[in-house]
Amino acid sequence: MGTLGPDAVTQLWREQSRALVLYARQWCDTPEDIVQEAFLTLVRQPDAPDHPTGWIYRVVRNRAQNAGRARRRRQSRETVAAENRPSWFEPGQDDRLDADAAAEALQQLPDDQREAIVARIWGGLGFDEIARLTESPTSSVYRNYRRGLLVLQERLGWKCETPKTKTRS
Amino acid sequence: MRDSQNQNAELSDFEAALRSLPPRADRLPSDWPPEPFASTDCVNPSGHEFVCVHCGCEAPTTPPRRRWAWPTAFGAMTTIAAVLFVAIFLRQPTPNVTTIASDGSSDLVAQPTVFPFYVTLRNQVLRDGVDSWQSVGSSDVVKSPAHESPTGYREQIETLLKELNHAG
Numbered sequence: 001m002g003t004l005g006p007d008a009v010t011q012l013w014r015e016q017s018r019a020l021v022l023y024a025r026q027w028c029d030t031p032e033d034i035v036q037e038a039f040l041t042l043v044r045q046p047d048a049p050d051h052p053t054g055w056i057y058r059v060v061r062n063r064a065q066n067a068g069r070a071r072r073r074r075q076s077r078e079t080v081a082a083e084n085r086p087s088w089f090e091p092g093q094d095d096r097l098d099a100d101a102a103a104e105a106l107q108q109l110p111d112d113q114r115e116a117i118v119a120r121i122w123g124g125l126g127f128d129e130i131a132r133l134t135e136s137p138t139s140s141v142y143r144n145y146r147r148g149l150l151v152l153q154e155r156l157g158w159k160c161e162t163p164k165t166k167t168r169s
Numbered sequence: 001m002r003d004s005q006n007q008n009a010e011l012s013d014f015e016a017a018l019r020s021l022p023p024r025a026d027r028l029p030s031d032w033p034p035e036p037f038a039s040t041d042c043v044n045p046s047g048h049e050f051v052c053v054h055c056g057c058e059a060p061t062t063p064p065r066r067r068w069a070w071p072t073a074f075g076a077m078t079t080i081a082a083v084l085f086v087a088i089f090l091r092q093p094t095p096n097v098t099t100i101a102s103d104g105s106s107d108l109v110a111q112p113t114v115f116p117f118y119v120t121l122r123n124q125v126l127r128d129g130v131d132s133w134q135s136v137g138s139s140d141v142v143k144s145p146a147h148e149s150p151t152g153y154r155e156q157i158e159t160l161l162k163e164l165n166h167a168g
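Going line by line, the protein sequences match chains C and U.
Counting in the working numbering, the first sequence runs from 1 upward without gaps.
Counting in the working numbering, the second sequence runs from 1 upward without gaps.
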């Protein structure tokens, strides 16, 4: 098994870098650095991992959690940093959702629900991959995901605009 | 049934709306990974970072020179401790015995030992008080009982009895 080719690394970067930044932002303030370091580590691997996407999510998760723990130790600086914390999203094309409100609602979710939603929606990971990533049963991941989505829907006051199934009058 | 279908459709729509929000990554360089870096073959395998392919955990990156420093120090300390432990058991304590001359040979009698001096001093101090220490200490030679009187115990008793009879 050889190293991961440059094309594969570039493609992975284009597909996942932003999602990985959002994923790492759950735990730390410097998600971009974490993601770049993780990609450097991937490039330097003598043997390419079997599932590069899951692998890099795992590396980003470990490093972001470590960085988050280190940040919590510097508790005095945190209040200053929290005020200047950038939003999690850029304004989207869909004007039905406010980016800041969505970020705030997402931050208020429990960790396991938020992680499942970020990995599923923006990372495009399957439930079984998220289960391996978080070392929890697939059913729990699915339950957390669905419950989190419902909570988000409620908090954001989401109203579906798709036509509902008509009932016979 | 219909409610769950509606809920699923609603959730799918909500998922799509969420997905349309692009994650912010302002500090992420747009030209990363740099092409030369990504396409260069590795010529320095010793510079690799090793991360477990399965779990993503990082292996320790301690340089080889420092990797055996702790085991070496541990081995050396253990050896020293073992040697000291054995030495404690092998060490023979030297007996601290004071020999008291009890026979009548002339050279032993001429050199009074420490023990009678101590006994004499102790008895005098107990009898007459600490002030009498000076008088005892000032005497250069403390004579042993054997030197004082060559007579034996029985003769001393007889002498004492005679004196009592005379006094009586």
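Just to be clear, a hint being listed does not mean it is correct.
[Unchecked claim] Taking beta-carbon pairs under 10 angstroms as the criterion, some of the chain U residues facing chain C (in silico):
1. Q7
2. A16
3. S20
4. R24
5. R27
6. A73
7. G152
8. R154
9. E158
10. L160
11. L161
12. E163
No wet-lab data here; the hints were simulated from the structure.
Just so it is clear, CB atoms sit at the ideal spot from N, CA and C, and this is done for glycine as well.
Here's how the hints hold up against the structure:
Annotation: Q7 (chain U) was flagged as interfacial toward chain C, and the flag holds, the nearest CB pair being 9 angstroms apart, inside 10 angstroms. Evaluation of the A16 (chain U) hint against chain C yields a held restraint, the C-beta minimum of about 8 angstroms falling below 10 angstroms. Annotation: S20 (chain U) was flagged as interfacial toward chain C, and the flag holds, the nearest CB pair being 4 angstroms apart, inside 10 angstroms. For R24 (chain U), the interface hint holds, the least distance from its beta-carbon to any beta-carbon of chain C being 5 angstroms, beneath 10 angstroms.
The beta carbon of R27 (chain U) is positioned within 10 angstroms of a beta carbon in chain C (closest approach about 4 angstroms), and the interface hint is therefore held. At its closest, the beta carbon of A73 (chain U) sits 28 angstroms from a beta carbon of chain C; the interface hint therefore is violated under the 10 angstroms criterion. Interface restraint check: G152 (chain U) against chain C, minimum CB-CB distance 90 angstroms, threshold 10 angstroms, status violated. A hinted interface residue such as R154 (chain U) counts as satisfied when its beta carbon comes closer than 10 angstroms to some beta carbon of chain C; here the least separation is about 92 angstroms, so the hint is violated.
Evaluation of the E158 (chain U) hint against chain C yields a violated restraint, the C-beta minimum of about 96 angstroms exceeding 10 angstroms. For L160 (chain U), the interface hint is violated, since its Cβ never comes within 10 angstroms of a Cβ in chain C; the closest pair sits about 92 angstroms apart. Hint status for L161 (chain U): violated, given a least beta-carbon distance of 96 angstroms to chain C, over 10 angstroms. Taking 10 angstroms as the C-beta cut-off, the interface hint given for E163 (chain U) is violated, the closest approach to chain C being about 96 angstroms.
Checked against the numbered hints above, the structure breaks hints 6, 7, 8, 9, 10, 11, 12 and satisfies the rest.
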